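Protein sequences, first through last, are from chains Y and H. Per the numbering used here, the very first residue in the first sequence carries number 1; after that it's consecutive. Per the numbering used here, the very first residue in the second sequence carries number 1001; after that it's consecutive.
To be clear, the hints were calculated from the coordinates, so they are not data collected in a lab. A quick note: this is a predicted structure, and the numbers were derived from the prediction, not measured. Each hint should be verified, as a subset may be incorrect.
To be verified - Dumping the calculated EDC-like pairs for lysine to aspartate or glutamate here, alpha-carbon to alpha-carbon at most 16 angstroms: (1) H/Lys1079 to Y/Glu223; (2) Y/Lys428 to Y/Glu223; (3) Y/Lys427 to Y/Glu224; (4) Y/Lys201 to Y/Asp184; (5) H/Lys1079 to Y/Glu224; (6) Y/Lys428 to Y/Glu224.
Said to hold, decoys possible - Pulled from the structure, derived: some chain H residues nowhere near chain Y, Cβ distances all over 10 angstroms: (7) Gly1016; (8) Val1018; (9) Ala1023; (10) Pro1041; (11) Ala1051; (12) Ile1094; (13) Trp1116; (14) Leu1117; (15) Leu1120; (16) Phe1132; (17) Lys1136; (18) Pro1141; (19) Leu1147; (20) Glu1148; (21) Trp1150.
All residues carry an ideal CB built from backbone N, CA and C; glycine is no exception.
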Amino acid sequence: MGIENLLLGFHVAITPYNLFIAVVGITLGTIIGVLPGLGGANGVAILLPLTFTMPPTSAIILLTSLYWGALFGGAITSILFNIPGEPWSVATTFDGYPMARNGQGGQALTAAFTSSFVGALFSIILITFFAPLLAEIALKFGPPEFFAIQLLTFSSFVGLGGGNPLKSLVSILLGFVLAAVGLDIVTGQLRMTFGFVDLMKGFDFIVAVIGLFGIGEILLSVEEGLSFRGVPTGMNLRVVLDTWKILPRYARTFLRGSFIGFWMGFKPGGATPASFMSYAFAKRFSKHPERFGKGELEGVVAPETAAHAAGVAAILPMITLGIPGSPTAAVMLGGLIIWGLQPGPLLFTEKPDFVWGLIASMYTGNIIGVLMVLAFVPFFASILKIPFAILTPLIVVVCAIGSYAVHNSMIDIWYMLIFGVVGYVFKKLDYPLAPLVLALVLGDLAENALRQSLIMSQGSLAIFVSRPIAGAITAVAIFFFVLPVLTPWWRRLRGTAVPAPREI
Amino acid sequence: MRLADLITASFLALLGGVVIVDAVRLGIGWGTDGPQSGFFPFWLGVLMIAACAAIVLQAARRATTVPFVTREQFRPVLKVLWPAVALVVLTPWIGLYVAAALYTGFYMRWIGRHTWLAVLAVAILFPLATFFVFEKWFLVPMPKGPLEAWLGQ
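Take these sequences, add in the hints, and give me the full structure.
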């Protein structure tokens, strides 16, 4: 049944209009990925209002293509400018930038794009097979199971996200609080509006994403005194073909990176640790670990494969469970709701053309994407040569338009500015932003799942442990929540010194 | 850095307090048909205060000399912020496109010291391009002012 459905999907994805949409999405996405202050999440958020009038399948193709483009674009800035556009591109700079400085920029870029493509393809193939299975299992889920999964989602930010677990927790709570502002749809009461009419509508996550990631990022980058010193691309067909001849040597690295990426990626916040982990493994198993960090091709292959595999894998829980694996996936999930689709396992039975069109478009989008970036790297790299004094106001205006367009309201532009300042302060103080956004998107869903579960159990929390599936998931979630407390203990038991608290 | 950490955590704890007050007003217990409206926010507020208190303790124990932001760093941040505020203040009066043109032109001239020709070109062409993309192509209306009214848009 899988193949037939996939063919149906290709039927949808390979119409001229949808292919055109994919090309537009990838072009915009790559530009967004290259520009400072515009990443995948807020690029998707800004364009979301434009998709309200489109058919949902074309709309999701536009947004996912934008996402692929942004992932590719991140590699360009990491390698040529030593600026990681996204956190998961950081590991790419370790060897990518030295290679570019040694005059091997073309090779590094070719390897990065090809690795991204391989990692993405690996995840897409796994999604094609696993998504229907997972959706089928998820169909049997009730509110307690869904709440347990939400718990697991947020616990993995606290337990596995790195950084300060308390600050991750506060980010999550703040997201939930902001989501609760406004009308409570269950009882019809107004919550936390304090008599202000403007607060009745609550806070839209799109505006939050644009402010936190867009404006906040700009404030941070001007503070650091932005100066782009790029290295020439050195890209031509010969370099591409020559690099492709070398790359099969790294088959093991590709495979390892893909597995790490997929495994980490379908849990939230996975792309960044996946890229670092893949890099560390590649270095450890390499015959020449001393070459890493000085311009080793394998050091570009490993993190890029894992980051893209993880980025694609983040779509899996979004379409099957209705729970996004990354902020960008969270914005897309918000899009699904706005287009009138109910995210979750029912999508597979009720809207097969949408789901399979999306999955098929992941194949076409990535193929188009890798060819386009390979062909047009010099063009995309030249975008960073635009003076900063021009880029900044343009990005701010685009962000303002995106925020206004959500509800046609001025107050949203003000919220965007406030969220921008919050994003700036939070980023400096090490409060992670991704869990805040995810909590803001999932807030109502999580609260409803909790309420319905409690109604089912007459108010007893035991329902989350007594049902087998919910119990197992809750147990893992609790384990992740207490992991930061357990780790120092465990270290002490084994006799290793507890590392000194990080200076921040 | 420590002071900023303390202030932020205290502010968030205060926010948690506000959430709890509102939650208690709505009722945090069991209503006729399930948990009341304040149930979920109440526990969010409680957890928030607890987590912030722990952050405050952590930060207070740790001595750091790194400042949150230096004067040199903060100046360019303000230079981005206040023109952006001006853009938002002007938008309802003169429309988004005109405000965007003024804002872009001002910023380019003031920060980038670009030539007047470049300033005029970008400040006119960019809002014009966004106008066609958003208003005409995707039919997303933006706030408009006297200029658009005069042009009959």
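Violated constraints from the hint list, given by number and in increasing order: When the structure is compared with the hints, numbers 7, 8, 9, 10, 11 and 18 turn out to be violated.
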